[in-house]
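Use the sequences and the hints to build the structure in full.
Number of protein chains: 2
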Amino acid sequence: MRNRLYLVKFGGSLITDKTKPYTPRIDIIRRLVDEVKEGISMGFRIIVGHGGGSFPHVSASKYRTHLGFVDKDSRYGMAKVHYDAAKLNGIVVSEFLEAGLNAFSIQPSAIFIVRDGEVEDIFIGIIEHLLDYRMIPVVYGDVVIDLEKGCHIMSTEEVFKGLSLHLLEDYDINIIMCEIVDGIYTKDPFKFSDAEFIPIIDQGNIDEVRGYLSVSHGIDVTGGMRHKVDILFELAKHGINSIIINGLIEDNLRRVLLGEDVRGTRIKY
Amino acid sequence: MRNRLYLVKFGGSLITDKTKPYTPRIDIIRRLVDEVKEGISMGFRIIVGHGGGSFPHVSASKYRTHLGFVDKDSRYGMAKVHYDAAKLNGIVVSEFLEAGLNAFSIQPSAIFIVRDGEVEDIFIGIIEHLLDYRMIPVVYGDVVIDLEKGCHIMSTEEVFKGLSLHLLEDYDINIIMCEIVDGIYTKDPFKFSDAEFIPIIDQGNIDEVRGYLSVSHGIDVTGGMRHKVDILFELAKHGINSIIINGLIEDNLRRVLLGEDVRGTRIKY
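Chains A and B are the protein sequences, given in the same order.
The numbering used here puts the first sequence at residues 1 to 269.
The numbering used here puts the second sequence at residues 1 to 269.
A few chain B residues facing chain A, derived, Cβ under 7 Å:
(1) Y76
(2) A79
(3) Y83
(4) V93
(5) I113
(6) D121
(7) G125
(8) M135
Pulled from the structure, derived: some chain B residues nowhere near chain A, Cβ distances all over 12 Å:
(9) E38
(10) R64
(11) L67
(12) D172
(13) P199
(14) N246
(15) E260
Since the hints were derived computationally from the structure, they do not count as laboratory data.
Think of the CB as a built atom: it goes at the ideal place given N, C-alpha and C, for glycine as much as any other residue.
Encoded structure:
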């Protein structure tokens with residue numbers, strides 16, 4: 001039997017105050033770290049990935065880094081976004097170390113090269129070895145080399161995709177996404193009281209769900225739910241199942257790791 | 001003609017206060033960054049590497065990380081040393097960004113895998129692309145995966161060696177080592193007033209120099225001069241010349257980059 005590997009995401013909106021640049025929500029990070037600790041104590045391999053939230057946001061938007069190299073300042077922008085994203089990563093890793101866990105930061109920009117956003121090359125060695133050592137690789141949304149656009153903001157979901165497609169042979173992989181909502185809804189639940197919760201996304205309703213997430217009245221509050229669902233559904237085709245849960249609710253992550261039933265949107269094929 | 005590439009080292013003893021844990025010498029870092037800026041403005045490609053000084057020292061010594069995995073706490077030690085080394089790297093990169101330079105941190109642990117300290121695998125892509133972009137990769141002494149010992153503390157010199165042997169085909173490489181002494185002496189210059197300065201190390205005197213650096217009355221104050229000389233002489237065989245200069249002296253680095261004559265120990269074949 002293959003070993004179980006969890007890829008756990010701490011959403012950027014969850015672990016930072018999106019209204020204030022460079023402001024981590026330490027209490028939440030600390031609680032999530034404690035919940036991860038349960039999974040580790042159960043012998044699971046875990047890779048943690050986190051979004052950047054309000055850390056790289058200012059510089060990424062100033063230098064329009066999501067567009068790649070657009071003008072003479074783009075390279076400086078790439079450098080600044082990389083630095084800002086790493087800064088939050090340092091805070092997250094520090095909390096893991098405080099909790100006595102062997103967390104080891106890995107820069108996605110050092111191990112991925114992409115072309116127009118799609119992975120062209122990957123150096124998976126360090127990740128494989130850290131998992132063998134029963135350590136916790138901690139990755140994050142980062143700006144990576146793009147052979148077409150110059151650079152590319154690689155989301156945590158894209159990093160998870162790149163890693164898991166290379167680890168699939170050796171591990172039984174599950175993804176847990178901790179966000180600031182319970183999962184996917186038919187409309188933006190923060191704006192529409194008639195938004196309906198979607199407990200499962202699979203072949204039966206994926207097109208319908210994509211429709212909900214495409215409509216312009218903005219379900220995008222949590223940083224690109226359409227982007228997340230597209231990637232997670234693609235991974236589901238490879239047998240990698242995901243659940244999106246509300247990381248604001250204490251014990252949600254811990255309970256999923258323990259195999260308990262938690263409110264969330266499950267994505268499978 | 002091949003492009004010129006400088007590998008510039010900021011010694012750990014130079015950029016931190018070795019007597020106080022986690023204490024950077026910001027004024028010196030800032031000045032060295034300004035001096036690097038001159039080289040950049042002349043169109044040179046530059047990779048910066050720095051030692052860890054008093055940052056990873058406490059944890060590396062506590063967990064005996066230089067020995068590899070020795071007990072049940074070694075993995076935690078590896079994680080802690082990695083974090084502490086990255087912390088100083090963040091400070092250095094921050095000063096480059098403040099000076100308007102496109103500095104981009106790369107974790108050696110993400111791109112190198114070694115066996116008993118010797119490079120077994122390297123992912124050079126990110127470094128090559130950053131140089132093509134005329135950006136400044138910033139590397140540092142880090143703890144890397146060792147297939148034999150578990151982990152290995154890879155010095156900045158070892159990182160430089162690993163990188164330069166892979167970049168040799170495309171670049172004309174020179175190494176500039178900024179330390180806290182003028183270069184190599186026959187004895188520890190801090191302890192012996194009759195220590196004689198050695199301006200050049202080459203085939204003619206390398207064995208003699210190794211003899212000086214091996215004697216037990218401790219020339220090792222600046223963090224392993226023997227280790228440095230061994231690696232730099234090996235690189236000299238590949239046509240990569242080095243100079244060790246005193247980074248405490250203002251303008252020394254800038255003047256070397258401008259091609260001026262500076263007091264220092266030159267290492268060639």
